[in-house]
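Colleague: Listed here are the chains, written in short residue letters.
Number of protein chains: 2
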Amino acid sequence: MKDRGVLTVVSGFAGSGKGTIMKELLSRYDNYALSISATTRAPRPGEEHGKHYFFVGREEFEEMIRKDELLEYARYVENYYGTPRKYVEEMLGSGKDVILEIETQGALLVREKLPDTLLLFISPPSVQEIYNRLKKRGTETEENIRQRMTRAVTEAELAEQYDYLIINDDLEECIKQVHETIQAAHFRMDRSMEQLKKLQSEFAQYIKQ
Amino acid sequence: MKDRGVLTVVSGFAGSGKGTIMKELLSRYDNYALSISATTRAPRPGEEHGKHYFFVGREEFEEMIRKDELLEYARYVENYYGTPRKYVEEMLGSGKDVILEIETQGALLVREKLPDTLLLFISPPSVQEIYNRLKKRGTETEENIRQRMTRAVTEAELAEQYDYLIINDDLEECIKQVHETIQAAHFRMDRSMEQLKKLQSEFAQYIKQ
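Here the protein sequences line up with chains Y and A, keeping their order. According to the working numbering, the first sequence is numbered sequentially starting from 371. According to the working numbering, the second sequence is numbered sequentially starting from 371.
Worth flagging that the hints you see were computed from the coordinates, not collected in a lab. You may find that some hints are simply not true.
One copy or any two copies: either way a pair holds, since identical chains are not told apart in the list.
Once the Cα atoms are required to be at most 25 Å apart in a straight line, the calculated SDA-like pairs of lysine to any residue come out as [stated by the list, open to error]: (1) K568 - Q531; (2) K546 - D486; (3) K546 - D533; (4) K506 - T410; (5) K546 - S397.
This one's a predicted model, so the numbers in the text were calculated from it and none came from an experiment.
Working from the sequences, and respecting the hints, build out all of it.
Modeller: This is the structure we're talking about:
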C-alpha cells in the first residue's frame, strides 16, 4: 500500500522564487502534485477547468463554504478563490505529496483543518535582495513594490508560525532543501504511529511464545 | 558564518542496521561528526583516547556528573559511559552535524538538556526481520536474542517520543532518508528565528523610508 502523501503549504515573499521552485519540483520528481484552486472568476484564454482552476459559479462556491468543502478561501476584489478539500484528499490518498501555494493567512487556516500540514516559508536572503528581484522584473512600479513590501511585513510576522524557513540564495540548493524537507516529513512520528504500534504488538507476540 | 550543526540522536532495535547507516553517512558526507563517549572502562587494544572514547578515571567521571558536564550517562556492569557536552558543543559550533548513537533512555535525557535535539529511531520492517537479522549474525544464541527482544519492548515504547521513525527495509533508501531528515532540521523555524527577525527589521526599515 502506498504511504499517504504529505500536504505542504509553500508561502513566501514576492521575489522569493517560490513559483520557479514549485515548477522544478514538479518536473524533476513524480511524487508531487499541485493543488487546484476553485474560483468564481471567469477563465482566461487557455485556462482549463480541472487543470488551472475549478471554475464554479458564485452560488456553487458559497455552497462549498457552507458545506465546509474548502480548506481555506478568500475573496479578492469581486471573486472567491479557495482550495477544495476533496481534490487534495484524493491526491494525498493516492500517495502524492500535494503542494499548495497560498498566502500566510490561508496557510494557517489549512493547518487548522489538517493539523499535519507542513508549512514552508521561502525568502530571499535580504529585503534588499527582494527589492532587487522585484525591480529586475521590469514590470513593477515603485508604488507596486512598496505595496508588496508593506504586505510582506504581515507575512513576515505570520511566518513565525511556519515549520520551516528556507532561504533562496542559490536556486539549486533551495530546490534540494525544499525537496528534502518535504520528504523528511514522511517519517514524522505522528505519521508513523501505526507502524510503531504494529512493531510493539509483534514484540508482545514474540515475548509470549 | 557557518550555521550551527544539528544534533541528532539515532537509536534503533538490534539488527536495525544503524551502525552501517552511521558509517555510510560519515564516509559519504563531510558534514557529519560522531560524538565521542567518555568511559571509565580500560581501553581495548587499538582503541585511542579522543578517537574511540575519552578514557577517564572513576573520580574524574563522577566529577563530570557533579559539574553537569555530561549530556547523559549510564552505568553498565562496573563502568560508566556518558556523552561529554563540551565535545558535542564544539563540533556543533564548528558547523558539524553531530550524531549520537545511544539508547532510548539516554536519548530522552539529551533532549531534556538540549531541546532542539533531533530524535531518530530506526527499525527493520518487522519483528520477524529483526529475528532473522540477529540469527544471521551467527554470534547470537537463542537466549541472547530473547534478551535483546525483551529489551526492544521498552525501546519500542520510548520510541513514541522520538521525532521520526525510519524503516530500514532497503539500506540505500534508508541512508538517504536519514540524511534528508537531518538536513531538513537545519531549516526548522525554531532554528531560523534570528534570520526571520532580521528580515522583519529590514522590512520595518524599508517601510519607514
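Colleague: Between K506 and T410, at a C-alpha cutoff of 25 Å, which is it: within one copy, between copies, both, or neither?
Modeller: neither (32 Å within a copy, 63 Å between copies)
Colleague: Please work out whether the CA atoms of K546 and S397 approach to 25 Å or closer within one copy, between two copies, in both situations, or in neither?
Modeller: both (13 Å within a copy, 21 Å between copies)
Colleague: 25 Å Cα cut-off: does K546 pair with D486 within a copy, between copies, both or neither?
Modeller: Both, since 22 Å and 23 Å are each at most 25 Å.
Colleague: What label fits K568 with Q531 when the C-alpha limit is 25 Å: within, between, both, or neither?
Modeller: Between. Shortest inter-copy distance 16 Å satisfies the 25 Å Cα cut-off; intra-copy 33 Å does not.
Colleague: Could you figure out if K546 and D533 sit no more than 25 Å apart (CA to CA) within one copy, between two copies, both or neither?
Modeller: For K546 and D533, the Cα distance is within 25 Å both inside one copy (17 Å) and across copies (22 Å).
Comparing the model with each numbered hint stated earlier shows that hint 4 is the single one that does not hold.
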